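Model the full assembly from the supplied sequences, consistent with the hints where possible.
The primary structure of each chain is shown beneath.
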Amino acid sequence: MGVVLVVAALSSMGLLSLVAPLLERFLGRNAGYLLAAGFIAVAVLLGLQAPTVLAGQPETASWPWIPALGVSFSLRLDGLASLFCLLVLGVGALIMAYCPRYLPHGGRHGYIYFLLTLFGGAMLGLVLAADLVLLVVFWEITTVLSFLLISAAGSQGAAPAARALLVTGMGGLALLGAVVLLAVITGTTDLTSVLAARQQVLASPLAPAVAALIMIAAFTKSAQVPFNFWLPGAMVAITPVSAYLHAATLVKAGIYLLLRFSTLFAGQPGWSLTLIAVGLITAVLGAAQALREHDLKALLAYSTVSQLGLLVAAIGVGTTVALAAAILYTFAHALFKATLFMLVGIIDREAGSRDIRKLSGLMRVMPVTATLTGLAGLSLAGIPPLIGFVGKESLFQGFARASAFPGAGVVTGAFAVLASVLTFAYGIRIFYGAFAGPTLQRRLYEPSWVFLAPAAVAAVAGLVLGPAVAILNPLMREAIVNVEPGSVPPHFKLWHGLTPELLMSAVTIACGLGLFVFRDRVDHGLSRLPHLGGQALFDRLYTSTFRLGAVVARSAHVSSPWTYLARPVAGLVLLGGVGAGTLGRLPATAGQRSQPLDWALLVLLAAAVAGLVRARSVLSAAALVGVTGLIVTTWFLLAGAPDVALTLLLAEVLTAMVVAFVLRGLPRSFPRPRRPGTFAAGVLAVLAGLAAAGGVLALTGRRGVSPTGEFFLREALPQAGGRNVVNTILVDFRALDTLGEVSVLGAAAMGIMLLLGGLDRADSERLVAPYRFVLGPAYRVLAPVTAAVSVYLFVRGHNEPGGGFSASLVAGIATGFGYLAGRPGTAPRWRGPGPLIAAGLLTCAGVGFAATMAGKPFLAHFSVPLPSGLSVSSTILFDLGVYLLVLGLMVTAVTRLASEDDQR
Amino acid sequence: MTAAIAVGILVAGGVFLILRPGLARITVGFILLGHAVNILLIAADGAGRRGAPLTGEGDLARMADPLPQAFVLTAIVISFGITVYLLALVRASRRTGKPDSDPDDPGPSQ
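Taken in sequence, the protein lines are chains A and B. In terms of this note's numbering, the first sequence opens at residue 1 and continues consecutively. In terms of this note's numbering, the second sequence opens at residue 905 and continues consecutively.
Calculated from the structure, these hints are not laboratory results. The model shown is predicted, which means the values in this text are computed figures rather than measured ones. By construction, the Cβ of each residue, glycine as well, lies at the ideal position given by its N, Cα and C atoms. Please note: incorrect hints may appear among the correct ones.
As the list claims (entries may be wrong) - Listed next, with one range per pair, are the computed distances between beta-carbon atoms:
id, chain 1, residue 1, chain 2, residue 2, range
1, A, Arg567, B, Met905, 43 to 51 Å
2, B, Met905, A, Arg714, 42 to 50 Å
3, A, Gln719, B, Arg966, 20 to 28 Å
4, A, Asp737, B, Met905, 24 to 32 Å
Put into structure tokens, the structure is as follows:
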């Protein structure tokens, strides 16, 4: 039962993201309310597990995913995962309810809703993943979605989005590295087993590398120094995105990762010292930077960086008290930071400014907004009785009792107080801005309560959960036990008595007030400090990477192909030479290889190729290409390959047709080449020809028919039910190869469409060419005949020469002919090539998956019974897919190359 | 023997053409190289048996190896795809007005 619910929760998030654009189409921006309800419903689904999970019995679900590597798709809902699920879904629901009033009326928001919901699902998957590989997959999905959400901000989002993607993507690679190492050490990718193998992991010489890689991954995601710069840049995204991703969830993924792996590494000196140092430096520098910012969004971004630093440092301290504090503060921070972001969005919408100095006197015009802002600001500053105070108090407790190194308590405690003083200073500025000072903007009005409600819920929760923090205790306790098995978790409460922590809080408040009172002098002093860097270095690396790429690519960036095509050809010649020198004795040739007719063909071929090489006029070259093709066709026919000959013949006709289209736009003759180059090319060409001929002579025809070939000849009829062995190979025995090959054709068709006009162009309208009085009537007669031939070739393909490839070539010829005929108004209204290609690929893949659903291997042969008692073989369906796809390419070729021509 | 010579002729012609300026010429060169590779594949079939691999119409022992034929059949269609793509490039390069064929053109990167 529980397992089902966990799976249902994750899959309904995926489903929700798919219906989000549909909902948006019908409801417009108000779709957010339904999505918020969806988030809550998913949270309730998971909440039903609370009794068992809180009793220390995690829910797990697992399916084999990549059995060969022992990787499974497994999910696990324990206390820590529950806590993060609550954050992801709870804050997510608030953001979704906030979006409808934030997003402008009208306009299209389906994409944003889709991405945000999908992101919620990915975060859920990340915290539920019980397999390391799955964890990496979800981690990467959040990275990509964050990139898409930032770049949705338009052109100014491009650079920050790329920075975020590169930095967090690098972290993803580090995580992958850590996962691989862990799998090597423990022999499993199951998260629970890996975390249980603490002794084994720590004993391994690879342990430091694992810890370092995990820390890098977490630092990039949680924007710790020196990777901090991407987060403030990401603030170009719309406010709901910033609130959800860059305050409450995405950046918490790094914290989640560190908490999870604290089970392995907590108390290890390298782990502790690195986390404490990086975390506290980030906390202090981030808070100082936040204090300098006047743009509220930038201020909140640096504040997030700084607060995450405190969390990282607390995880580094690694004692039960510190870990517990980190978990509680993660929760508290998500609450007040999401509130602040939402309120900044509201103020921005209403006042048209995010400058903290313009907030002054907001109380008089927007009392509710101001009150909520003040509440969240106080929570951020750590003022009792808000939950921010309880969280900070616990953090102080953790830091003061740190024992990672001698004197750790004093050092970490001092730095934490310093960061908190700065935090208090800007927190109280927000509070002061909201409540005091002269009212600068008198013509502001309170927004509607629906706009305020989500922020109000979070702000009031922050107020209520301070005194009532005890109700979080069961969840916190379970989460802490998950991180540190066997520990005795502390109880959180508002009032701890007269403790050192209270003294630290008092010092924080006193110093913070001091900074606030002398804020002008503080601003002056801060303005002399250097900016929190990192970005400049990153940007320099970024541009020099591009420069390096340009240097590497320079040799290929010349219009004369000689420079880069000559090298592989020379390599081939060299290979031939080496081969000739080292081959030694060869086995005797088998059978009679050449027949008199072959020699006659050779003479013709030599003449045609010689003509091609000397051709000056494009028209004669086109004709000679056709001649060459016909000679090779005959060669195949003589070699006993009627199917191949048929296909080549049809392809030659089509090529000639397409060339005819292109020719009209080309100059009549080839460009005249330079003399010296001609001689060198000639020498290289002759050498390459000799090497190729020698290779063929030496390496072919020295054995009998391959065992595989014999097998196909023997088994085509009994196993695949077809007499045309080549066709059975294509659509049955080696259908997977064919699937790959036709996919390449689909890709080529897409490439042509992109080269010569967008995918969405209407083809049928522009296809109408001038009516041609000879070809027009001829087409009227020939079109049905060609269609019939195409169908005939297709149907008989399994037993006689024919099949999907040649049948679709015939249909392609009909298309081209129809275009040439140019019947006004009645030109063949081919459906666009896109649908043909898609239908073809889907048919082929669908046949393959249908076999797997019937319990057979992918693309295995099966029959579909029809009501009339007959049955359709899956191979015919597969061949139909091939037909459609190849036809898609033909139609692309004909329509794009022909219609472009007429446009000019 | 004949197969080897045919491949030699086609490769020599094809290589000469792809080393010359002009995308249209290169396209022709690639068509010739495609033919050469297809003949090579068919020549790799073994004992030089020349019966069409259609069972039920004759002696299994005289039939040609069907496997290379299946390879070549798809290869032909793929070659056609590449040819069309190259022709589209020819067309696109003409449309954008960038000279694809001027032997003295220093190239876009410089």
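Q. Can you list which hints this structure breaks, lowest number first?
A. Result: hints 1, 2 break, sorted rising.
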